[in-house]
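Protein chains in written order, with this note's numbering: chain C, 6 to 351; chain H, 53 to 414; chain F, 140 to 553.
No lab work stands behind these hints, which were simulated from the structure alone.
Not one of these hints is a red herring.
Output of the computed footprint for chain F on chain H, the stretches with three or more beta carbons under 8 Å from beta carbons of chain F:
1. 107–118
2. 129–136
3. 149–162
Positions of the beta carbon are idealized from the N, C-alpha and C atoms, including for glycine.
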Amino acid sequence: MRGTLKHLAIGAAFVAASMSMASAAELSIMSFGGAYQEAQRKAYFETYTAKTGTKIIEQEYGGEIAKIKAQIEAGGTTLDVVDVDAPTLQQGCDEGLYEILDWSKIGPQEDWIPGTSSDCGVGTIVYATVLAYDTEKLANGPTTIADLFDTAKFPGKRGLWKNPMSNLEFALLADGVPAAEVYATLSTPEGLDRAFAKLDTIKKDAVWWEAGAQPPQLLASGEVVMTTVWNGRIANANKEGKKFAIVWDNQLLDTDYWVIPKGAKNLDLAYDFIAHTADPKVMAGISNYITYGPVRKAAAEFINPEMLDKLPTAPANMTKAMTIDYGFWGDNGEEIRKRFTTWLAQ
Amino acid sequence: MLVKTPVGTEALVAFERVTKSYDGATLVVKALDLTVRRGEFLTLLGPSGSGKTTTLMMLAGFERPTSGHILLDGAPVEKLPPEKRNIGVVFQNYALFPHMSVEENIAFPLRYHGVTGPAAKEKVDKVLGMIHLEGFGGRRPTQLSGGQQQRVALARALVFQPKLVLMDEPLGALDKQLRERMQVEIKHIQRSLGVTIVFVTHDQSEALTMSDRIAVFSDGMVQQLAGPTELYERPANRFVAQFIGENNVLPGDVSTDGRALRLAGGAVVLLPAAIAPGAVEATVRPERLQAADRASDRAIRFPATVREVFFLGDHARLTCEGLGVAELSVKMAAAEFSVLQPAAGSSLTLAFEPEAIHVLAR
Amino acid sequence: MSSLAEPAHRSLRAQTFRAALPDRLIALGLVLPALLFLVVTFIAPIGALLMKSVDNAEPAAVLVETLPAIGAWDGVGLPPEPVFAALAADLKAAQKNRTAAGLGKRLNYELPGMRSKILSAARAVSKIETPPAGGWTEAITGIDPVWKDTQTWSVLQRNASPVTAHYLLNSLDLTRGPDGAIAAVPESEAIFLTILGRTLFIAAVVTLGTLVLGYPLAYAAAIAPPAVAATLMLFVLLPLWTSLLVRTTAWVVLLQSNGVINDFMMRLGFTSEPVQLIFTRFGTLAAMIHIQLPFTVLPIYSVMRQIPQTQLRAARSLGAGPLSAFWRIYAPQTIPGVSAGCLITFILSLGYYLTPALVGGATDQMMSNFISDFINRDLNWGLASALGTVLLLTTLALYAVYVRVLGADRIRLG
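For reference, chain C alone in the conformation it holds in the complex (with noise of 0.2 Å):
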């Protein structure tokens, strides 16, 4: 779940799409507004609709996959297309939420990077989840992961997703397991044991954020020396003349889907806008409007050179990047989380 804040805005969202009746030409898409949904506005609705006439109707949500299943129980979704985070494709995907993809409609799969397409989800933009600081209030900030357990070196409160998924990598990757051996770690009792232990050693000093916008806020406020951010978000609050800086080492990486909601009504037209968008010309426009980088490997020559370093995908940024692995929060996301909020209530 990516947005508390939001509910109102999608409560109303939900009643605008019950009500609404899209008609041929009309397109529904629901994505995690803000500057995200702006970027794809003008990367892809714009020129969809400027290609093909089709009206986008755009809805906003704060990433919960219970929206997609109420409309779907409630009998037929008046979503057609949605973008959902990695650990909501596979929930959505093993529950029969989602469409079947037949990739001959969209393009070749195996120009996808590996690991961001699927049965269910086309892979579009990979973002990451980074630790980030304030420059103007930290001259010598935090350098490496470890720097977010470190207390006595950066004491002050500290933003932290309030979700296992990301601090429990962190936690390892701050104790000094090796990216490649985290989930290894996380999936035994006693490797999960240290992820908590280890942030047992910060638990007083977290602050939890539950929507994307709320850390660049913590941020700027001075409630926290530092947090843990989607990069998208930090870039944004720059343009608008902060001076946060990123903290690239140990970045998570994670990819964002289209998905087509089972018995979704325009299920031709659905197909046409995602095949849109995979055009690896228009995934990479993605880039002009936000900091997050194409899945396709055809797309990488696209990019705007200007943007390429703020991207997670930049050379530069990859040295110790590790991607998050769905496949793991899919089997053990559910005790995890049990236990993650069990410990937060304690």
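Chain C is already provided as a structure; the job is to place chains H and F on it using the hints.
Coordinates of chains H and F only, in the frame set by chain C:
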């Protein structure tokens, strides 16, 4: 009217040059001097806004005088809070405590006056008997009729034997019959207990029925303080004359020797004592005007024209033109009326005894 | 005349009834829309909530053959071969229809790890085309040792029922042990009773806070001249004109480390370092008390306005001091308003979600935050419904105690 209780002349309460202003601009009570005698039934009578209730509330301690002093038993009380004054108050809406039974309501003041236990119970029972509400002690005030509530409020104000009982329009909410019965009952209780009562009302007949003395309030001042008969017969000014009962105000002239009053229309009345000559106003009550052929030889006769006639059963009321007044009110007994059968527009001769004329102070 | 009185009483009654019928129909017509609205928007959802908290549709939907077959198993050792064969058929169908994950997720609640076990078993079984030579028992137990465990099969057998107490037990930190007996969950997993206690505690403190702040305020407004009273009540009502989100966000601005309050305190020299106000219990309580204040004040104010001021005067004249008069005469009469106000605030506070989420810390999250998490993130609607049911029953129980102690007629809105 009931037989009057012998009333002492000793002052229980004295207002000395008391003024009261709420807004700092207008005076609701203007330089009030008033004495309440021990054991008397004093009524503050006046139209609404005349300052009578404010006066009562200052005496009770709920309002503070803007200037002047209030003496209770000779000691100033302006700084004494209500609960220290030992004054019982009966409010217009009774102010019974709805969450308490009748018994609890009446027993309420007793604990603050050191009466508890069986002694309190005995007092409550006694006072319940006095107001004829034996057996109602367990009820809630809302289960009682208006008259019963009124009596409970009275009992509560009397049970702790206060120096003084104040009553603020206590009968205003009752219907006419009940009101008249309660007037009698309150008067009985007052007389049998010998308690001093200051009573506020705007109903002049209520005031006349119950009071030993009446202070007529108007415009923040006492216009006249007197017994009911004197107030009725010899009003001090035009306001009192017209406020107490119905009255005809007649323009007139006092002769240079001060012994004769010439009314408009020519009738001349000899005055019992000489007064200053010049223009005056005199009054005559409607019931003191009668048909000329029934009047005594001493009566002064004058012509009048009937304008309107109202038959009211035991009497009739005529509006006539005469004595220089366009609307002269005449109250005619039924027997007289049935003989004369005066019709609107007809002329007749009316008469009054000389002593019926009262000259108002200038 | 007698001819009119002659017809039997029934006829008169019928006539009276017929005469009154139009009025009754009109009355019914007036009530009906609201009644229907309530049924649709209130009673039906609550019914659905209660159903969902015991609903156990997934096992029956997927294990169509297994569950009837396992019914006769005696619970000792492993079930006979036909049960394994039925499971194989069910898993094959599940793999084909992509329903294995739903079953796995459901069983995972009772047997941690079952989700991946079911998924891998479904995949493995689907690859076996014909009945294996050694029988399905050998084939399936060979996939994973979990299928050799008697407990796995006991859980399957237990879930043959279309209803389950699992969610409700879970929401009370209880679980069924291997033998089926109800037992407390391990301490490291016990969370919901703590959350329930915390929710009740926060609601109680908020209620008390609004009462302590609101009672004098309501009294001041009740005895003030109309113009002053209107201004006072305007300030009380002002918060209601903005949305909950806006008010909560305003509190974020006030409470944060370089926010208005800290700024003010540091400038006045009360503190040299910012005090942690946001993400604390204090912050949560302050924001909630602010938001709830009107709900407590309004009923108290409206009841107070109906108490004549002359009653206090009467009490004073009868010998009571100002405090004694207030306490013995005025205060008891405000109880219906206090009851109503406190009840509204308490019940509303139980359901708080947004404010604790934004202003509170991790240990200030209330029942609704967890319900929301289970609905939105974990898709565990059964547990969410069970938690909702627990909250609902707790509220009803408290209300019952309340009415028992005070009497329903002693709760008044004005």
